[in-house]
Structure formats: structure tokens, C-alpha cells
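Protein chains in written order, with this note's numbering: chain A, 5 to 373; chain B, 5 to 373.
Wrong hints could be hidden among the right ones.
Identical chains share a label here; the pair holds if one copy fits it or two copies do between them.
Here are the simulated EDC-like pairs of lysine to aspartate or glutamate, each with C-alpha atoms no more than 20 Å apart in a straight line [as the list claims (entries may be wrong)]:
(1) Lys33 x Asp182
(2) Lys269 x Glu291
(3) Lys276 x Glu78
(4) Lys33 x Glu65
(5) Lys211 x Glu65
What the hints contain is simulated information worked out from the structure, not anything from laboratory work. Every value quoted in this text rests on a predicted model; they were computed, and no experiment measured them.
So you can see what is in the structure, the chains are spelled out below.
Protein chains: 2
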Amino acid sequence: MTQEPGLASWLQLTLSPGLGAATLRELLKQFGLPEKVLALPRAQLARYATPQALAALDSEEVARAVERALAWAEQPGRALVTLGDAAYPRLLLEIPDPPALLYCRGRTEFLNRPALAVVGSRNATAQGASNAEQFARTFSAAGLAIVSGLAQGIDAAAHRGGLAAEGSTIAVLGTGIDVTYPAVNAALAEQIAERGLLVSEYPLGTKALAHNFPRRNRLISGLAQGCLVVEAALASGSLITARAAAEQGREVFAVPGSIHSPLAKGCHALIKSGAKLAESAEDVLSELAAFRRTGFASTRAAAQRPAEGAAASLDNDPLLACMGFDPVDVDSLCARAGLPAERVSAELLRLELAGRVAALPGGLYQRVH
Amino acid sequence: MTQEPGLASWLQLTLSPGLGAATLRELLKQFGLPEKVLALPRAQLARYATPQALAALDSEEVARAVERALAWAEQPGRALVTLGDAAYPRLLLEIPDPPALLYCRGRTEFLNRPALAVVGSRNATAQGASNAEQFARTFSAAGLAIVSGLAQGIDAAAHRGGLAAEGSTIAVLGTGIDVTYPAVNAALAEQIAERGLLVSEYPLGTKALAHNFPRRNRLISGLAQGCLVVEAALASGSLITARAAAEQGREVFAVPGSIHSPLAKGCHALIKSGAKLAESAEDVLSELAAFRRTGFASTRAAAQRPAEGAAASLDNDPLLACMGFDPVDVDSLCARAGLPAERVSAELLRLELAGRVAALPGGLYQRVH
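Please build the complete structure, drawing on both the sequences and the hints.
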């Protein structure tokens, strides 16, 4: 991937040990792109960071780390995607703490594909793993990318199900993207790098540290429109992902089980607190109606033209063509397009997610570009 | 049981083949007690019933049926409870179509005991039956009568669980009360007649007719504060009971199971449409908090004095004593009784169900008698 010129600045800021993510976002908000931040006199940055952090920012060590990351990203199939990139996942922009930079291996165009998180216990039962794989395959066949965490058990089964159809799969790692963890899933990770996408927000070489995984879970839910928990004990990382999903406004689904199964208890707790009971993949798809097969035609086509990305494929979208650039209501669009309201609403949501249409107050929609 | 003088009139009206239940309620509403209805010139009744129905009303056949029912009820442990009786279940007065007369065997004072319906499949799994019995035993130990339909499978297990503790059990039959159905539960029915209560709205000798059972189900739910479905297929009589419960404003609970079990599908459908997921008896009891152990002290005491009924035992109720006969709010009652608001609210609900307290607009309560 050809690297954008400012990438070194993004890396310099994100790799400086004393600069937290919140500080970084504040700096970007105040001063614009990282290059502008770094061009400022260090005295002007003193309000935002400690002297140690400022010293680190200009250290040899950080400079070497930047070089290593740039060299890593030069290899085929690798990419660094920043908050400023068009390829940055739009859904992550909705969450309170989007990472400034994502290390990616695989098909970065999947970052903006309609997606569903499928997570659960590392100690899954055989039936649970089979359920996860079946559900994921159906979602993937309906065009949804399956987002999970590359753990053993439910996660691995979900990734396998995703790889089995055109929606494919995204694994969000809790380690550096160059660290294989868990080792038992090394072959699966390579398959995902080839036909799906591996993503990490952590610097290269970051080992498996317990505290990074719960934090990583917000990206699993954040990249997806909904989150399905297949099997989970009451004290389970999957419930952290489900909570993050709910906080991010994503729909949460859980698969029920026997009241005597410890791995059903987490799912039952979720259902009691408002998650939708998912008896079948169809249950989930009917809730995520906007993302069903009929709504995916152009998104799927886009996935087959990775160089252009999803947005370009919408230029010939018949609904966009009907819209003009004035605000318009759904009824008028139905009449113009000759489509039922349900279909038009689904298409509008898809276009909105693709950044081509904005929803205005009063039920009006406007073409953005 | 000594029979009230007007009983023959109740029987004459309910046993006349052409008079529907709705017509009967309309007549009672217009003219008062059955004796008054029957004292009217038949011409005056012609507005309400067909000539055939009026002829049947005064027929020899109906007169003989009345005699048979009176003779049946003369035996120990039997009773006919009419809409006009104090023993008539208050909860049934809330439903749109309360039966005018109930044939009872056993302890009629249970008709006004706090109760929970527990129903499910006739073809229950061994685990399902075990769950039903365990749940029912816990509810019964908490003072709730278990209401069910005496069918094989879940119903029978629920009755057994109810009999195992002090809440006991009520079986609502879809046949005449003198008809044993199903035969396999004959011994269970006798145990219930002895330590619980058998109830039917159907005339003596009514055989098992398919169309009577769904209609009977409204009484199973109607007699209870809530309805728990343990195992049920998608096309199941238990779902009719659950729907009746929801329509009657009762809380509906369902036990989840494997997504691959046909007998979990009915329960899952209920949860999807708003029923509470019940993983344990405690889940149900915490929802029905007003009916928990702490709230039952006086109701349980009443059950041990069947001759007096539940209402009498409330005369010494400390909260009633605090109330006087003026409208009062919960905060004032908490202060007077020295009890927390949660406890006072629960007691008020119990007293309201016992007909001793009325809830007024504006969060006020008033002692009724």
C-alpha cells in the first residue's frame, strides 16, 4: 500500500508512550492533522502533556518505532489506517474512544462493510461452537462481515463461519498485529489475513497483556451493527463486549440454552437485561433488516472491487440518482424510485452508513455528495 | 358444606343449555341475583334468550340436573361456589368472562390464595418435568398455590411440586369435576382433592371435549398472579394459557432451553414477545415480589384456618391497624408502621388483593372494611 505522507506523524503521536488516546484526540481537535501538532513549538504542547511525554515524543526511540512501523506497512497486504483516512471505519467514529490508528492485515475495505460481532466463551461446548459457526455462515452469506476476537472456542468458530461465505470476517486483536495469539489459531489468523481482515490498535510487538483484551472488546462491538453472544459464563469477557455494544447503541443478541448450563447463564443474563433472544440467524437478520440480503447488492459488488472501495460503487445507485441534492421524504422517494417504503428505508440506511446520505430532522434525507 | 338457599337458582341458570355465559352475566347485571331473574315473567326474559332456551330453563331435564348437582355438592369436601359467594376467586372477577359457578373439590379457601400458574407440554422431557416440579416446590414453599391443568407431563409435575409444600396446588379441569381425565392422573387428582383444590366450570358428567380445554385455560391463568411456561412446542395449549395470562394482565414467564429443542421453541417465542426469561424460581419470585415469603405470613396463617377464610385473618394486620379509614399515602404509612416503603407497598398489594384496601388515584390507599 502506498503510504500517505503524514503517516509518520500519526505514528509519532500514537507511539509516544506518555501521550494518551484522549490527549491525542484533543490535540487533533485543537490543531488539526498530526503534522500541524508536531510543527508546534513544544512549549505550546506543554498544556496537554507532561515534560516526560514531550521528551519522549522527540526521542530516538520513538523515531525508531515509527521507522519500524512504516517498514512493516510497506509489505504487501498490510496497511496503517488513521482517523483521517477515508478507509477508517465510519462506525468507529460513533464510539467515544476511536483509536487514532489501526494496524491492518488483509482487506481494509472490509472496515466499512456491514458487520455483526459474534463472540462467546473460550471454553465453548461442541454444540455452542457449531451454533456459532452456523450462525456466522448464514450472516456471512447475507453479506455481513463477522467481527470477533480470534480467541479459542466461539470466536474461532465465528471466524470460520464468516470465512465460509462472502461476508468474510474481521479479527480484532488484543496484541500487536505481528504477534500471533493464541498460537493455536495461527493458521486461522493467516487465512483471515488472506481472505478477511486482521486489525489491532496496539503497537507492533505488543504481547498478550490481560488488561488490553477488555479494552479491545469495544472495537469488536464498535465495528459492527450488532453483537451476538453465543455461549458465555456469568463472568465472561463476552459480556464486556455486549455491554460495550449496548453503550455504543448496537443491538445485542444472545443465544439461550439450558438453565442448567453454566455457559448459558451469561446469555440469559443479557436477555433479562434487554438483549434480544436469538434462536436462529434469521431472528438476528430480521432485526437487522436494513442489512439483509436485498440491501446488500451494491455493497457486495463493492467488495469485489477493493481498489475502489465501497463508496465508489454507489455512484450509480438508483436511489441516489432519484434523490437529487435537495432534502426529500421517504414517501416521495418511494414514488420516484417505484419501490416499497421498507426497501427505500433499508437503502437509505445503507447509504447513510456509506456517508452518501444524511438523515435530517423531520424524516427528511439529503444526498451528501 | 351447607348450601346457600339461592344455589338452586344459580344451577338452574347455568345448567340451561340455551343460555350462554354472556347472556347469564347480562341477566344478573340487569336483575340481580338468579332468584330474581327466575321470578320474572318469562316474557320479560324473551329479549335475552331464544324461546327454546326459555323452554329449557323450566324443563324437567334441567330440574333434574339441578337436583343432581345439589346432591353431588352435599358430600363432604365438595362445594359449588358462585359469583355471589365471598369464596369466589377475586382474581377471576378481573377477567372478562368469569364463570358464574365453580364446581370444587377440596379446599375452597385456596381460591383466594396468591397463586402462580405453571403449565407446559404433555410430552415433557424428563428434565423439563424435573424443572417444573422443582420450580413449583419453591413457589409453593414461598406460599404460592400452583395452578395447572392436570394434564400429563409438565402439568402433573407442577401439581406434584405444589403438593410438596404449604402453597399446595389447584387443578382446573376441562371436564366435569366428577370425570377423571386423564385416567393416568387419577391418583394425583385424589391427592389434590384432599390437600389442594380441584375446580371446574363444566356441568357434572362433561366428558373430555377438545374445545373445552383451550377455554378452560383462561381460568388457569385467571386464578394466578403470573404464568410460567416450562416446556412448550410452538403449537401448544400452553401458549394459549400464556396469551390468556397476558391479556388478563398477568406476568408471563418462560424457561429457555436449547435452540435445537422443539419444546423450547414455544418458550422462546414467548420471551421474544415480551415474556420474562425464568432461569430459576427466584427469577419469578423476585418479579412477583409482593408475593414473597415476607408478605405471606398472614395468608399462610389463614390457610391453616380454612373455616374462616383468608380475609378474617387480616383483622389483626398491623398495617390495616395503622390505616384508619381515611385515604393515606405510602410515605405516611411507612412512618406510622415503621416499615420500609418496599415492604409497605408489598403489604398494600396483598391487602388490595384480599379486598381490604382500595387503591385510589394519586397514590392514596383506603381501608375498605
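Please work out whether the CA atoms of Lys276 and Glu78 approach to 20 Å or closer within one copy, between two copies, in both situations, or in neither?
-> Result: close neither inside a copy nor across copies, 48 Å intra and 50 Å inter.
With identical chains treated as interchangeable, where does the CA-CA distance between Lys211 and Glu65 reach 20 Å or less: within a copy, between copies, both, or neither?
-> Classified as within; 18 Å inside a copy, 90 Å across copies.
Can you tell me if Lys33 and Asp182 fall within 20 Å by alpha carbon in one copy, between copies, both or neither?
-> Answer is neither: 30 Å inside a copy and 82 Å across each miss the 20 Å cutoff.
Status of Glu291 relative to Lys269 across identical chains (alpha carbons, at most 20 Å) | between (23 Å within a copy, 18 Å between copies)
Alpha-carbon proximity between Lys33 and Glu65, which holds within one copy, between copies, both or neither at 20 Å | neither (26 Å within a copy, 92 Å between copies)
When held up to the earlier numbered hints, the structure conflicts with 1, 3 and 4 and fits the remainder.
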